[in-house]
Amino acid sequence: MIFQGLARRKLRTILVVTSIMISTTLLVSMMSISDGMYSMYQEEVRERKNDLVITGPETTYQAAISGGHEMAENISDVEGVHRSTPFLMEPATIRIPDGTRSGSVLSLGVIPKEAKYFLSREMTLTLQGISLNFYEEDNWFRIDDDPRYDDGFEGKWGGEVMLDAALAQKWKLGTGDRIEAMDERTSEYRVFFVSGVFGSDLSGGGILGEIISGLVIFHLADLQCLTLHDIGGNGTVLDEVSGVLVASDLGSDVSISQLARTLQSRYPFYHVYTKEDLLREFKQNIDFTRVYYLAIGSVSLVIGLLFVMSVILISLHERTRELATLRAIGISRKTLFTMVMGESMIVIIIGSLLGFIPGYFASMWANDYIQASVGLQWDFTVFSSKLLIDTFTWVLGAGLMISMVPAIRVSRINITSGIKGGG
Amino acid sequence: MDEDMIVLKNVVKRYKVGRSVIRALDNVSLNIRSGDFVAIQGPSGSGKTTLLNVVGCIDSPDSGTVRLDGQDVGRLPEGKLGRIRLERLGFVFQQFHLIPVLTALDNVILPMKEAKIPRAVRRKRGEELLSLVGLEKRMDHRPHQLSGGEMQRVCIARALANRPKVLLADEPTGEIDSKTSARIMKLFRSLNGKQGLTVLLVTHDLAVAKQANRTITMVDGRIR
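Same order as they appear, the protein sequences are chains A and B. Read left to right, the first sequence gives residues 1 to 423 (my numbering). Read left to right, the second sequence gives residues 1001 to 1224 (my numbering).
Think of the hints as simulated: they come from the structure by calculation, not from any bench. It is possible that part of the hints are untrue.
Using C-beta positions, here's what the derived DEER-type ranges look like [stated by the list, open to error]: (1) B:Arg1189 with A:Ser417: 43 to 49 Å; (2) B:Val1012 with A:Glu318: 32 to 38 Å; (3) B:Arg1067 with A:Met401: 54 to 60 Å; (4) A:Met401 with B:Gly1193: 50 to 56 Å; (5) A:Lys386 with B:Tyr1015: 57 to 63 Å; (6) A:Val302 with B:Lys1124: 36 to 42 Å; (7) A:Met401 with B:Thr1217: 35 to 41 Å; (8) B:Lys1210 with A:Leu313: 44 to 50 Å; (9) B:Lys1016 with A:Leu313: 24 to 30 Å; (10) B:Asn1027 with A:Thr393: 58 to 64 Å; (11) B:Arg1189 with A:Thr393: 56 to 62 Å; (12) B:Pro1077 with A:Glu281: 57 to 63 Å; (13) A:Gly342 with B:Tyr1015: 33 to 39 Å.
Calculated lysine-lysine pairs in the BS3-like style (CA-CA distance at most 30 Å, straight line) [what the hints assert, rightly or not]: (14) A:Lys420 with B:Lys1179; (15) A:Lys10 with B:Lys1113; (16) B:Lys1113 with B:Lys1165; (17) A:Lys334 with B:Lys1113.
Using N, Cα and C, we set each Cβ at its ideal position, and we do this for glycine too.
With the hints as constraints, model all of the structure from the sequences given.
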């Protein structure tokens, strides 16, 4: 009877299914963004070779750790630490020697031989949330250590940089070319040799493309000198870095957490993060955004379901006499309740299942749009079986609640007035 | 055959219309024996349909006693009343009230499905009932493909689905022509005579009422 009813009122059924389909499409795309943001970061953090990262007291992006080189060396001696390396992330101003192109770039300072260890199997270096993919193994710095750091930042300059592919392409640069980077102390430009080009997730467009021209990797001490993080005004060595990456040779998460506590007690003014800590903090930071996206999706679902409910209520009003007759001939309230629930749940299930198809394309489109807007080639959306199950459960749950209203009304129909057509 | 199937004692049913209260049934007492064929007559608003509804467990009395097949049904909860309607009563309506999306056979099968009769049994009985009312060739037709008389016969077949003891008919010939009306009444007489079914029929039509064994006339909620 449920199927016959739906088949007979074809247009109405199609409209109701369509409304649920549209709602599901929106919900799927919104949930895919919401889930995608977290899973993207989760994946990136899990892929990191470093088990711990030590950062300054304020944010992970400030060069707030003093004595970075020494600190990393000391940490390397701690039991359970396999390797440790400092890094600095700072904006720097660079230009082509002929002066035709210049701009602010996001710069990363590393000690090459240490940083190379932190490359994952996929040839990806992930630092501070940005993935750097290296296309070729020999595409790396020619000098492995950090000579400028020697003798209180009086050593020889590393003098070489690596450019990200987007920047290299934009500025028509390649291995062997030269660029100039501004020394903030003198405002003069210093020449650097391009030792290689690497791929990164920066596309060179979007919001990031407007803020930074690209990404450049320096020897750590070179970048410290260029950005005034080497020596203070009174001549004391600052050796400021953004953080220290620590790789542990301890297997379990419990042991790594213990190591984190040991390092935290040794460096109480800094933050020692495990991967789990980073994920937890990121989750807290994006929870509002996730709620926002989920709210948009849920509102569209609620609107769709309210439409379904009103259509069902109208339909039931028109069928008052039929339903009252059913009650009169002995059809139970339970049967009528089940019948109405069945009718609405069938259209909701069909609509939600159909909604997954445009939902998939909508989430792909959203991913492309966000990538282009932000300027990062990250997967901002996910379309997983978990997402589908979550969405389906959510739609089904909300659908059940909404369907209860007409189903309860029908089960309580007044037979005598209903037969007269009064409801 | 001589025990009372339906007993009403001092039954009162009031309706509120605006600020005034209408006594649709005013101290009605009535005995209908098993196998009887009773027609209820009277002008509009005299309480005929209300009486039928009270007997049919669709409506409950405000006071008084209603006994059906020896059971006091006046104060039973809705769930039990529904079961009585399903198993012991058959309803025939003036406007047929068939389910438009179902075929004639499915309409007849519907009450049997609710009574949890096995699929094969209910299908066979549905076909038998439609044959009984002369619609063996119209089983797969939907209500809109049937004439008024045919729809009423489907309605009768549906009413007989769960082998009821009482058949309640509210103006069963009100929407059909006189020739078809005669055929329907013949069917009622046959069901009453051959199957011993108790029939309680509400009608305006004097000719229809005359075909019953006994006629009750109602005026202003009372039996005259």
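*asked:* Check the structure against each numbered hint from earlier and tell me which ones fail, lowest number first.
replied: 1, 3, 6 and 7
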